[in-house]
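*Asks:* Residue numbers (our numbering), protein chains in the order written: chain A, 420 to 1098; chain B, 490 to 979; chain C, 2 to 201.
In case anyone wonders, no lab produced these hints; they're calculated from the structure. Heads up, a few of these hints could be off.
Claimed, not checked - Short derived list, chain A residues pointing at chain C, Cβ under 7 Å:
| id | residue |
| --- | --- |
| 1 | Pro451 |
| 2 | Gly455 |
| 3 | Phe463 |
| 4 | Ala597 |
| 5 | Lys600 |
| 6 | Glu1014 |
| 7 | Lys1016 |
Think of the CB as a built atom: it goes at the ideal place given N, C-alpha and C, for glycine as much as any other residue.
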Amino acid sequence: MRTTCPYCGVGCQVEPELKEGRVVRVLAPDIPPNHGALCVKGRFGLDFPFSGKRLLHPLVRESLNAPFRRATWEEALDFAAERLLDVLRRKGPEAIAVFPSAKTTNEEVYLAQKLARALLGTNNVDHCSRLCHSSSTAALSRSLGGASMTNPIEDIWKTDLFLVVGSNTTETHPVIAAMIKKRVRQGARMIVVDPRYTGMAEAATLWLRVRPGTDLFLLNAMARYILEADLWDRAYVEARTEGFEAWRASLEEYTLERAEAVTGVEREKIALAARLYATTERAGAYWAMGVTQHTKGTATAQALVNLALLTGKVGKEGAGLNPLRGQNNVQGAGDMGALPDVYPGYLKVAEEGARARFEALWGVPLNPRPGLRMTEVFEAIPEVEAIYLIGEDPVTSEPYQDHLKAKLAALPFLIVQDILENETTPFAHVVFPAASFLEKDGTFTNTDRRVQRVRKLLEPPGEARPDWWITQALGQRLAQALGRPWPTYPGPGAIWEEVRRAIPELMGGIAYARLEAAGVRWPCPREDHPGEAVLFRERFNTPTGRARFHPVDYTPPAEPPSEDYPFTLSTGRVLFHWHGGTLSRNSRLQEAYPELKVEVNPKDAERLGLQDGEPIYVVSRRGRIRARAWVTERTPEGVVYAPFHFAEAPANRLTLDALDPISRIPEYKVSAVRLEKVD
Amino acid sequence: MENPSLLPLLDARMPLTEEKVAEAARLAGVPLAQAWGVVRYYPRYRGLPQGRLLVDDPVARSRGFARLREAADGTYPPLGLEAFSPIHVRFTPEGRFVEWAGGLVPFRDFRLPFAIGHGSRLIPPEPILSLAQYRALGGLKALSALRQGQGSPDGVIRAVEEAGLLGRGGAAFPAHVKMRAVAKGASPKYLVVNADESEPGNFKDRFLLEHHPFLVLEGALLAALAVGAQKVYLYVREEFEAAQTGLLSATRELEEAGLLPVPTEVFRSGGLYICGEETALLESMEGKRAEPRLKPPFPVEQGLWGRPTLVQNVETLANLPLLLQEGPGAWRAREPKLFSISGDVARPGLYELPLGTPLGEALRRAGGEPEELQAVLLGGAAGVFTRDFAFPLRFKERLPLGAGALVAFGGGVDLWEVLLGLVHFLKEESCGKCFPCPLGTAVQVELVKRRERNRALVRDLAETLRGSLCGLGQSAYWAYQSLLEVEGAA
Amino acid sequence: MRLRVDGKDVEVQEGTLLLQVARVPTLCHHPHTETRGLCRICLVEVNGRLQPACATLAQEGMEVKTETEALRRLRKTLLEWLALTTDLSQAPELLALLERYGAEPARWPEVEGRKEREAVEDNPFFLRDYAKCVNCRRCVDACGDGVMGVYALTLEGRGLLAHPTTPLGRPLPETPCVFCGNCVQVCPTGALRPLALEVA
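The shape of chain A in the complex, shown without the other chains (with noise of 0.2 Å):
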């Protein structure tokens, strides 16, 4: 049966073969997104539902100096629900915050997302983007008034230059990466900006070694040498854009001289990638967490989108701005409205209008203020006394870990909904053991917008049940102490009815029954509407309808090394990892890649007297861990890389939560180390 890969955004289409209840192969069908291909997490990774650590029943305890004592649902929905109401009586809704997770369902993260904002009449509802694309969907947001890719993933094979920023695609998004790499071998070219000999640099016709932080300079830079030498698309951005003058006058400084001089590029193959950028028709780009975990994370995509709209790229097939997702369902989890300032469908919280419709739907009054953001919230505590968090672990995710840990030891209320234990359980109050991909229904959307079914394959083990049943029990309880409606949903699909009839302009097409031949993109109003491939192609989502350039300045890293900590450090994801590692470190992928290795050039080993595979100390302001070094010219010198996977391990213990101002997303590429032998 047919389900869909529960890794990365691409949204591969799997079947996983069963044999005694267990995943023993994993074939892909011929449809879109992914036509047969896979990598190694969809292939062989999707064992970790039969993990020794599987959370087999609820756990419940008064306080975190109390064991864990087995509950049954029954007792655990009612201590979570008195422990909530609690809290609102005496401090109100802005005292709790809701996480749904961007790895569980559409209809799950609905579900979650209106008990906050409809039970608990909170808006602080926010998910792990925060800490991956909040930066792009800022940009996006208020130039182009979407946040998406713009073009689907088979334009690739209409892409005649790939303009690949900040994305180890290679290793994060394997399946996108083979297509794009075929097309480069059918005649295709690349532009690869990375300071890292990646995947994708090495596949690349042109790759641009950028010192880490300093995208956005060179971004300007290209952009100033276009306008320079009349390669500009006049007509593109006379007619769909607007902000154009304020923006030119901004790009004063940025010359290739200094774009060398900061980026560490030379100016003659910056003004190449300008120039193949501006002349090739088809020329799409795609981006990560190399752009967007930054202090200047949303500056830095801004200048991505001012690029693209410089030079006609957006509305067109075969180009357009493709901000590469994460995990599995981010682009749902924001399409369902697991932010702080919208409902579903983008609508913002703070318009009159998007929250009428929703009181209307909900048959409640709806906090109008928006809440915080996830990064916020946890400043928050102890003001803020409660949170529910819904597959997420935090304490390997979020920077600067041991100031982290110390404020979830301060948090009076913390419920863990997840399938594995992870680093977050030991903080937690109340443990409720959900299902697995494999064993509910439900839909993820992809990164290029496809909503794609997933499918119950087996039964959960032990008490642990689905998440939309769990977050359902629980607004029952709230609901009923509240004196608010909560329909009972029979199961996922009605959640879904729900979810189309709430956003009929996005959703109002996508019935399940359509979504069995394959997935179907959104924007899809109708049932007979084929689902919408390239968006903005007449106008933008914005009030004007036009896109919006947005001046955007260079600033350096928050930390830059220093004499003490002479190397900077990147964090990441490796190919046989995922995220935290609750899912792929419980899988066959941990026996690929058990342990840590943190990247080191061959010169700085060599200064440092460090040999291949030596353990070694990486140390911040913040705290050490214990690595192996991996001597490799993959990065360049100074710079070394630890992919953030790995909780005895934690690379997160290291960086720094500085956040760009915007989307506040903390500074996960750049933190100043230093390297120490063990001895």
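Place chains B and C on chain A using the hints.
*Replies:* Relative to chain A, chains B and C alone:
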């Protein structure tokens, strides 16, 4: 796009190490996987046999093969030395040698004895190894005429068409059809001279390359100008080292004399029978395993590096100067064909005879007595046994002429042993790309070993091999089937 | 355009492969790889000549025969030779074809084949069991040009004993392999199969 080819890069790095293979791959711009596939394909990278090696050709098979084999360290595929078979080569760390007249002659110095050549038009009166000699012989007239504007590229092709020149490599395809197709194609385009003669029993190309290189080059240059090729490659069987150096120096002489209108390069072949198949040949030139391509597209449309490419056999091209000088009508009136005659005849050698000469007559020219012969192998491993001595040696007749090899077997010869040699050769040389050929040639060896005469089995073997991807497999059963016919007729 | 297939008129679009109109078995052909025309099991007679249906475009006026007596014998023989040389125990589709064509492998002499090869277990994910490999090259293509562009697989040797191998013959973890398993997905004979299947 033309990349530096992998094979010369590997050759320059012998003996190979893993690092050197990786370096060659880098320089060729190909994945290490491709380079490794190549290294594990061609004999000289895998490692050649060492010691005293019996050349396992059909003649050796007919002269007490078991005893010969016993006395040698190993065997080596036919080398165009059938006229002197049984013969041995010696492979040592110092080099490769032919055992000759009680001594060892290195491959780079070994040429077929000139005296085995008999003829007047393609075979010169003496070895022609310098430009002066070639000019003295009246050479280069056709090329000079064309270059001076007497005649046109299309005129050359028209002459070839009028003459009805058929390819001499074995397939007998009309030469002008390929030439015209390439002439129509867009530049850049190439001419590849197929000088990878490996069919057992044949040594005509080897003889021409070793003793008449300027004729071959003139023919190649005429063809290159006729089709508008930007480059000529001489793809020469790798063991023919003397031919390679001879061609190199001939090319250099022409160039220095300002008589080389198209850049010309000698390419050392992959050293396998299959490399003579035109698309496998192109694959090897592109630095890949020499495995035949699916056709269409044909090389004239997408050949070397995907460009229009004319692949022609040595003897075919050698006829061009002749044909243009004599005029197509005169040439056609007594169309010359080279026959490599060996085995049980008094004077094995290379005979230039008019096309259509009866088989018996050809054998008599070489001192053979048809009445005393049991059978003749016509064509080679991709050939047939026959006793039809009246058969006129012409293309597209009842029996396949192949490239013109005739191996004669007298009364006492065990033809099954000869056949076993042929089918063993085909099994060893099967590239393994398609399914029927490697499976069928392996099964065939076992069938021949047990002298299987079951008609249904042989029919099914034949019908299945016929479905192979290229000529090697498609013709692999001919000899077997024909031996049964010869037996039945006897 | 119109052509005749087994005596029936068929109307097709330009660019149609004969495979799309001829119901013939296939082996090396796979929608995700560029392997074509290798196994020859899909050969059909086109105007009296043998052509692989998977690699031949339909043309106006073609006369196509998909299952003549000779073609049946060819398929039967080919299947017999595969069974003779290769362990087909994990190739259900091929076993079904053997049945369908009434194959009798035992009528052929034994040949030195592939069955004695030992399986390679060099990674945590899948087995490379070349005793079961018919050398269709789907794995090599999926790894390289066809899908991934990774080039962790190539071919060793020539002839009947040629089989897939890794660059420098190294264990997979020492190659560019990314363990995507696309090779496993396209393997028709179970020569490449997940380890999870073994222990289950």
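*Asks:* Now tell me if each hint is right for this structure.
*Replies:* Hints, one by one, checked against the model:
no.	hint	verdict
1	Pro451	13 Å, violated
2	Gly455	5 Å, holds
3	Phe463	4 Å, holds
4	Ala597	5 Å, holds
5	Lys600	4 Å, holds
6	Glu1014	14 Å, violated
7	Lys1016	14 Å, violated
In summary, the structure is inconsistent with hints 1, 6, 7 from the numbered list given earlier, while agreeing with the others.
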